[in-house]
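All chains should be modelled from the sequences, with the hints used to inform the complete structure.
Chains A and B supply the protein sequences, listed in that same order. Numbering-wise (the working numbering), the first sequence opens with residue 1 and increments by one. Numbering-wise (the working numbering), the second sequence opens with residue 1 and increments by one.
Simulated from the structure, these hints should not be mistaken for laboratory data. One or more of the hints may lead you astray.
[Stated by the list, open to error] Here are the computed lysine to aspartate or glutamate pairs in the EDC-like style, where the Cα-Cα straight-line distance is at most 16 angstroms:
1) Lys153/A x Asp14/B
2) Lys12/B x Asp284/A
3) Lys77/B x Glu65/A
4) Lys113/A x Asp14/B
5) Lys2/A x Asp17/B
6) Lys5/B x Asp284/A
7) Lys12/B x Glu147/A
8) Lys12/B x Asp110/A
9) Lys16/B x Glu147/A
10) Lys12/B x Glu155/A
11) Lys12/B x Asp149/A
12) Lys12/B x Glu18/A
13) Lys152/A x Asp121/B
14) Lys159/A x Asp14/B
15) Lys5/B x Glu109/A
16) Lys16/B x Asp20/A
17) Lys12/B x Asp21/A
18) Lys16/B x Glu18/A
Quick caveat: nothing in here was measured; it's all calculated off a predicted structure.
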Amino acid sequence: MKAIDLKSILNFSAFRPEPDDPSAVWEKRFPDEKTTFLGIGRAKITWREISSALPHVPLDSAQGEIKETLPQVADAIKAQPGKEWCSVSLNSRYVISLETNLSRRPGSEDLLKTNPRAIIGSRYEKGKSYAVTHNPETNSSILLSFEDDFLKKIEALFKEVGLRIGRLCCGTYVLLRHALSTVNTAKGTDAPVSTFFIVCCEGTVCALVQDQDRWVELRSRTDVYEDDLTPIADLLAPFQSRLAPEIGITLIGDEPLQGLPERLATVFPNRSINDLSEPGLLTDLMVQN
Amino acid sequence: MQITKPQIDDFKTDRKDIMHPLPVILRLVPLLFYCSIGVTLILGSIFFIQSRIAEANKNAHIEQTASLTSQTEETLKERTALEAKIKKANDVQAWVSSSRPIQPLLVDIARSIGPKSSILDLRLERVPESPAQIKLALRLATDSTKQLDLTLESINRMNFRTFSPVQALGHGELDYRATLVRQELREKAETP
Chain A
1 MKAIDLKSIL NFSAFRPEPD DPSAVWEKRF PDEKTTFLGI GRAKITWREI
51 SSALPHVPLD SAQGEIKETL PQVADAIKAQ PGKEWCSVSL NSRYVISLET
101 NLSRRPGSED LLKTNPRAII GSRYEKGKSY AVTHNPETNS SILLSFEDDF
151 LKKIEALFKE VGLRIGRLCC GTYVLLRHAL STVNTAKGTD APVSTFFIVC
201 CEGTVCALVQ DQDRWVELRS RTDVYEDDLT PIADLLAPFQ SRLAPEIGIT
251 LIGDEPLQGL PERLATVFPN RSINDLSEPG LLTDLMVQN
Chain B
1 MQITKPQIDD FKTDRKDIMH PLPVILRLVP LLFYCSIGVT LILGSIFFIQ
51 SRIAEANKNA HIEQTASLTS QTEETLKERT ALEAKIKKAN DVQAWVSSSR
101 PIQPLLVDIA RSIGPKSSIL DLRLERVPES PAQIKLALRL ATDSTKQLDL
151 TLESINRMNF RTFSPVQALG HGELDYRATL VRQELREKAE TP
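Set out below in structure tokens:
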């Protein structure tokens, strides 16, 4: 046993998960420490302090390419010591797609990290990392993929500016899964759910049509909007003709977008809108899970 | 359909040596360690204070013992001095008691000294082997033996007879030595 192990036992840190242990909940990794939430879009970085003692502080943001803006953002974050551990929501250069007949054998989600080819089969592309969400009632699955080179580049960039990544995930995918688990709560097929999921996060938009528990269509675009919401309406407008009349809309965003529900009401007239967006929702999800 | 709340998929490159947290029950190990340190400190403090108190008590007892020892020594010295005084007093008492029979003789000898003479030295010693005999050693400051005759007369009046007299006169001093025997005692001794 090394001295550092002994020290970690005596200061009780050995009984807490390590800061970069992906299997542990963020709150347990940093019970009393301040950390930072970072949302990264193609041309925008947003960040806020995560603290269990404080309510959500307003998001700070910086416009520009990540390579250029991250050093300034890092300086602002490091101005207050102890916040260098970051939970990063990456909303750029990812692909979310709807797939069928993916392997669902036990342990497949863990295997996806170590041997994705065994799960994805012929759709596997070398040099990519994957995450998957299965529809328990059908053979369809939502597949998220990132290029490994891009992820490594982001990690190197953070290391270069002195920030430490405790979690690196796709905010849009996290919000989509949260919306799916919030809406689909009844076991079995007795009460099938039909809804049109719209996820907005850091300029990205993801739309999923669920009809009678079946995932019918998924469309995901990055860098769709900044301040103007018109590109969102333009992207989603074609769905109006394809949606069944009784299907409502489930809207979720990392932060509430002012005017978006009204805008969607004009694009999708006579459809109910269930807005799950809350201030700091993505931050909460990334801290609590 | 039910989709359970999943864990967040993390795309960060995992470290190979990530350690999972130790079981909660093992928190007892550092807790016991800190408790033992606390108990050690408390007991150490108590023992330290007690040892200081015991040391102070020991020093007080040592000082008290030394004081009592010196008092005992002083008392012993006083006792020895007192015993010496008692012995001296007893000796004086014994001497006074034993010299009482010859005190009138001394007074008569002193009274027999005329105005032109004086006693330089006078000794009367009992002979241990024969307590009835008294050794007389008299030194007079005088020019003639007349004073000695007067003195011997007064000795005879006290019923003492002189035997083996030795007399020496010179330089204004008369040295006379003789053995005195009380007349009644001599007669008793001679009467069968």
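So, going through the hints one by one against the coordinates:
For the proposed pair Lys153/A and Asp14/B, the alpha carbon gap of about 15 angstroms is at most 16 angstroms, so the pair holds. At most 16 angstroms may separate the alpha-carbon atoms for a hinted pair to count; Lys12/B and Asp284/A exceed this at roughly 19 angstroms. Pair hint Lys77/B plus Glu65/A does not hold up; C-alpha atoms about 109 angstroms apart against a cutoff of 16 angstroms. Distance hint between Lys113/A and Asp14/B is fulfilled; the C-alpha atoms sit about 10 angstroms from each other, no more than 16 angstroms.
Between the alpha carbons of Lys2/A and Asp17/B the distance comes to roughly 14 angstroms, so the proposed pair stays at or under 16 angstroms and holds. For a cut-off of 16 angstroms, the pair hint linking Lys5/B to Asp284/A stands: about 14 angstroms separates their Cα positions. About 12 angstroms separates the Cα atoms of Lys12/B and Glu147/A, which keeps this hinted pair within 16 angstroms; it holds. Under the criterion of a C-alpha separation no larger than 16 angstroms, the hint pairing Lys12/B with Asp110/A is consistent with the structure, at around 14 angstroms.
The suggested pairing of Lys16/B with Glu147/A is violated, with an alpha-carbon distance near 21 angstroms, which exceeds 16 angstroms. A hinted pair counts as satisfied when its Cα atoms are at most 16 angstroms apart, and Lys12/B with Glu155/A qualifies at roughly 8 angstroms. Between Lys12/B and Asp149/A the CA atoms are separated by roughly 12 angstroms; this keeps the pair inside 16 angstroms, and the hint holds. Of the supplied pair hints, the one linking Lys12/B and Glu18/A holds, its CA atoms being roughly 14 angstroms apart against a limit of 16 angstroms.
Between Lys152/A and Asp121/B the alpha-carbon distance is near 136 angstroms, which puts this suggested pair outside the 16 angstroms criterion. Under the criterion of a C-alpha separation no larger than 16 angstroms, the hint pairing Lys159/A with Asp14/B is consistent with the structure, at around 14 angstroms. With a CA separation close to 14 angstroms, the supplied pair Lys5/B and Glu109/A stays within the 16 angstroms bound. Straight-line distance between C-alpha atoms of Lys16/B and Asp20/A comes to about 11 angstroms, which keeps the hinted pair within the 16 angstroms bound.
Restraint check: the Cα-Cα separation between Lys12/B and Asp21/A comes to about 10 angstroms, which is no more than 16 angstroms; the hinted pair holds. Annotation: proposed proximity of Lys16/B to Glu18/A holds, straight-line Cα distance about 12 angstroms (limit 16 angstroms).
In this structure, the earlier hints numbered 2, 3, 9, 13 are contradicted, and the remaining ones agree with it.
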